[in-house]
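Q: Listed here are the chains, written in short residue letters.
There are 2 protein chains.
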Amino acid sequence: MAEPALDGLVDALRRLPGVGVKSAQRMAFHLLQHDRDGARRLATALADAVKRMRHCQRCHTFTEAEVCSTCRDSRRDARLLCVVETPADQAALERSGSYKGLYFVLMGRISPLDGVGAGDIGAERLLERAAEAGVEEVILATGFTAEGEVTAHALAAALKARGLKVTRLARGVPAGSELEYVDLGTIAHAMGDRR
Amino acid sequence: MAEPALDGLVDALRRLPGVGVKSAQRMAFHLLQHDRDGARRLATALADAVKRMRHCQRCHTFTEAEVCSTCRDSRRDARLLCVVETPADQAALERSGSYKGLYFVLMGRISPLDGVGAGDIGAERLLERAAEAGVEEVILATGFTAEGEVTAHALAAALKARGLKVTRLARGVPAGSELEYVDLGTIAHAMGDRR
Numbered sequence: 001m002a003e004p005a006l007d008g009l010v011d012a013l014r015r016l017p018g019v020g021v022k023s024a025q026r027m028a029f030h031l032l033q034h035d036r037d038g039a040r041r042l043a044t045a046l047a048d049a050v051k052r053m054r055h056c057q058r059c060h061t062f063t064e065a066e067v068c069s070t071c072r073d074s075r076r077d078a079r080l081l082c083v084v085e086t087p088a089d090q091a092a093l094e095r096s097g098s099y100k101g102l103y104f105v106l107m108g109r110i111s112p113l114d115g116v117g118a119g120d121i122g123a124e125r126l127l128e129r130a131a132e133a134g135v136e137e138v139i140l141a142t143g144f145t146a147e148g149e150v151t152a153h154a155l156a157a158a159l160k161a162r163g164l165k166v167t168r169l170a171r172g173v174p175a176g177s178e179l180e181y182v183d184l185g186t187i188a189h190a191m192g193d194r195r
Numbered sequence: 001m002a003e004p005a006l007d008g009l010v011d012a013l014r015r016l017p018g019v020g021v022k023s024a025q026r027m028a029f030h031l032l033q034h035d036r037d038g039a040r041r042l043a044t045a046l047a048d049a050v051k052r053m054r055h056c057q058r059c060h061t062f063t064e065a066e067v068c069s070t071c072r073d074s075r076r077d078a079r080l081l082c083v084v085e086t087p088a089d090q091a092a093l094e095r096s097g098s099y100k101g102l103y104f105v106l107m108g109r110i111s112p113l114d115g116v117g118a119g120d121i122g123a124e125r126l127l128e129r130a131a132e133a134g135v136e137e138v139i140l141a142t143g144f145t146a147e148g149e150v151t152a153h154a155l156a157a158a159l160k161a162r163g164l165k166v167t168r169l170a171r172g173v174p175a176g177s178e179l180e181y182v183d184l185g186t187i188a189h190a191m192g193d194r195r
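Residue numbers (this note's numbering), protein chains in the order written: chain A, 1 to 195; chain B, 1 to 195.
The hints are simulated quantities; they were obtained by calculation from the structure and are not laboratory data. One thing to keep in mind: the hints can contain errors.
[Said to hold, decoys possible] Not close to chain A: a few residues of chain B, all C-beta gaps over 10 Å, as computed:
1) D11
2) G38
3) R52
4) K100
5) G101
6) L102
7) A130
8) E137
9) V166
10) S177
11) V182
[As the list claims (entries may be wrong)] Derived BS3-like pairs (lysine-lysine); straight-line CA-CA distance at most 25 Å:
12) K51/B - K51/A
13) K160/B - K51/A
14) K22/A - K100/A
15) K160/A - K100/A
16) K51/B - K22/A
17) K100/B - K22/A
18) K165/B - K100/B
19) K100/A - K165/B
20) K100/B - K22/B
21) K22/A - K160/B
[Stated by the list, open to error] Here are some chain A residues pointing at chain B (derived, C-beta under 10 Å):
22) A12
23) L13
24) A28
25) H34
26) R36
27) A39
28) T63
29) R79
30) T86
31) A91
32) L127
33) A146
Since this is a predicted model, take the numbers as computed values, not measurements. Note that the Cβ used here is the ideal one computed from N, Cα and C, for glycine as well.
If we strip away everything but chain A, and leave its shape as in the complex, we get (with noise of 0.2 Å):
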């Protein structure tokens, strides 16, 4: 169609991760035809968060201030340090209600393939904050993937040679699953741990 503008947009919409050609040519159209409103939404929400958004310089994770609201929270118990890989992890462990100690997020995770090494996932910064006065404990929460699995042993090594105490979220059957269902390795780790 030779339409730069169209074409522009298309193209930075498939920047986006998950977003293919056709998803772009479909998000470009329905903004301009049902929702420009929305269109000058997001323009804005980008520029504002690409300005103001930056990371917490105590545990890594997305804020507008310099330390995040959860580490100035004086009544979450700074003996516990929880390491996640994402964000989005973080609030799924806040959603479980189950934990009211600290996190540190890695923004990522170790990944050879990719070429991401423990460098790029802030490890040293991890150690610095895990060594603070007061750290009883860190919690590996990264993911049961196999990227997640190899930086969880990359962490507990380096942490445990500075003689820090090291747990890793159980493994186990998930709730409301049919075991015969759940894959065999879930089912001997449970049965392993079983208590």
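Mind docking chain B on chain A? Use the hints.
A: Same frame as chain A, but now just chain B:
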């Protein structure tokens, strides 16, 4: 997390079609963590497209000009007017290489369940356009979905009442398909067999 700039971005991304809260979070985190340049480009592209894109005065598709490049192309056969639902459908017909006439883009379709009637898709403007001197055949290429068929039926009746020759893409396009997703050979056959 109570981070207004981040929450605002997630909310704005959720207004995109097909994007739920999890996808919106993933997009926001990805942009902030890995592609701030992409976020800035998307913001600019959105503002730019909203400002510059309007509707072609002849065929109603999106264009930056008064009249789009297709409508201005004197090599196209002005005796044929093909009616499609969206610019994406038009693009699919163009890629099939089976059609050299002009277009009218409805930018929608009649959908009684969604309260979209003939007036909402510019049927009146289509009737004026089709009644212009030189138009010998109006080809209805709306989708072969329930809404596309209803649209074709309503437009065919109105066009025939004005004495115009009306054809429909041949069946051969599988029922239930969106034209945009049909393979090009099928589109070409359907164009050849139009009746």
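Q: A separate judgement is required for each hint: does it hold in the structure or not?
A: Taking the hints in turn, this is what the structure says about them:
1. Its beta-carbon lying about 7 Å from the closest one in chain A, D11/B breaks the requirement of being farther than 10 Å from that chain.
2. The claim that G38/B is not at the interface with chain A is violated, since a C-beta of that chain comes within 10 Å of its own (minimum 4 Å).
3. Look at R52/B: its CB is around 4 Å from the nearest CB on chain A, not clear of 10 Å, so calling it non-interface is violated.
4. Against chain A, the non-interface label of K100/B holds: every CB pair exceeds 10 Å, the least being about 16 Å.
5. Here G101/B stays apart from chain A, with its beta-carbon at least about 16 Å from theirs, past the 10 Å limit.
6. Every CB of chain A is more than 10 Å from the CB of L102/B (nearest about 14 Å), matching its label as outside the interface.
7. Every beta carbon of chain A lies more than 10 Å from that of A130/B, the smallest distance being close to 22 Å; the non-interface claim holds.
8. Every CB of chain A lies more than 10 Å from the CB of E137/B, the least distance being 23 Å, so the non-interface label holds.
9. Taking the minimum C-beta to C-beta distance to chain A, about 25 Å, the non-interface status of V166/B holds against the 10 Å cut.
10. Listed as outside the interface, S177/B is consistent with that label: its C-beta sits roughly 14 Å from the nearest C-beta of chain A, beyond the 10 Å cut-off.
11. Annotated as non-interface, V182/B keeps its C-beta farther than 10 Å from every C-beta of chain A; the closest such distance is 13 Å.
12. Note on K51/B and K51/A: the hinted pairing holds, with a Cα-Cα distance of about 22 Å set against a maximum of 25 Å.
13. Taking the CA atoms of K160/B and K51/A, the gap is about 57 Å. The hint is violated against a cut of 25 Å.
14. Of the supplied pair hints, the one linking K22/A and K100/A is violated, its CA atoms being roughly 43 Å apart against a limit of 25 Å.
15. With a C-alpha separation of about 23 Å, the suggested pair K160/A and K100/A falls inside the 25 Å cut-off, and the hint holds.
16. A threshold of 25 Å between alpha carbons decides the hint, and for K51/B with K22/A the separation of about 23 Å falls inside it, so the pair holds.
17. Simply put, K100/B and K22/A have alpha-carbon atoms about 24 Å apart, close enough for the 25 Å limit, and the pair holds.
18. For the proposed pair K165/B and K100/B, the alpha carbon gap of about 18 Å is at most 25 Å, so the pair holds.
19. Straight-line distance between C-alpha atoms of K100/A and K165/B comes to about 73 Å, which puts the hinted pair past the 25 Å bound.
20. With a CA separation close to 43 Å, the supplied pair K100/B and K22/B exceeds the 25 Å bound.
21. For the proposed pair K22/A and K160/B, the alpha carbon gap of about 34 Å is over 25 Å, so the pair is violated.
22. For A12/A, the interface hint holds, since its Cβ comes within 10 Å of a Cβ in chain B; the closest pair sits about 4 Å apart.
23. Checking L13/A against chain B by beta carbon gives a least distance of about 7 Å; that is within 10 Å, so the hint holds.
24. Evaluation of the A28/A hint against chain B yields a held restraint, the C-beta minimum of about 7 Å falling below 10 Å.
25. For H34/A, the interface hint holds, the least distance from its beta-carbon to any beta-carbon of chain B being 9 Å, beneath 10 Å.
26. Here the hint on R36/A is kept, as its CB sits about 5 Å from the closest CB of chain B, short of 10 Å.
27. At about 5 Å, the closest approach between the beta carbon of A39/A and any beta carbon in chain B falls short of 10 Å, and the interface hint on this residue holds.
28. Satisfaction of the interface hint for T63/A is found here, the shortest Cβ-Cβ separation to chain B being roughly 6 Å, below the 10 Å cut-off.
29. Interface restraint check for R79/A: the shortest CB-CB distance to chain B comes to about 22 Å, outside 10 Å, so the restraint is violated.
30. Here the hint on T86/A is kept, as its CB sits about 6 Å from the closest CB of chain B, short of 10 Å.
31. Among the interface hints, the one on A91/A holds; its C-beta lies about 7 Å from the nearest C-beta in chain B, closer than the 10 Å criterion.
32. Because the beta carbon of L127/A sits about 21 Å from the nearest beta carbon in chain B, more than 10 Å, this interface hint is broken.
33. The interface hint given for A146/A is violated, since its Cβ lies 19 Å from the closest Cβ of chain B, which is over the 10 Å cut-off.
Hints 1, 2, 3, 13, 14, 19, 20, 21, 29, 32, 33, counting from the list given before, are not met by this structure.
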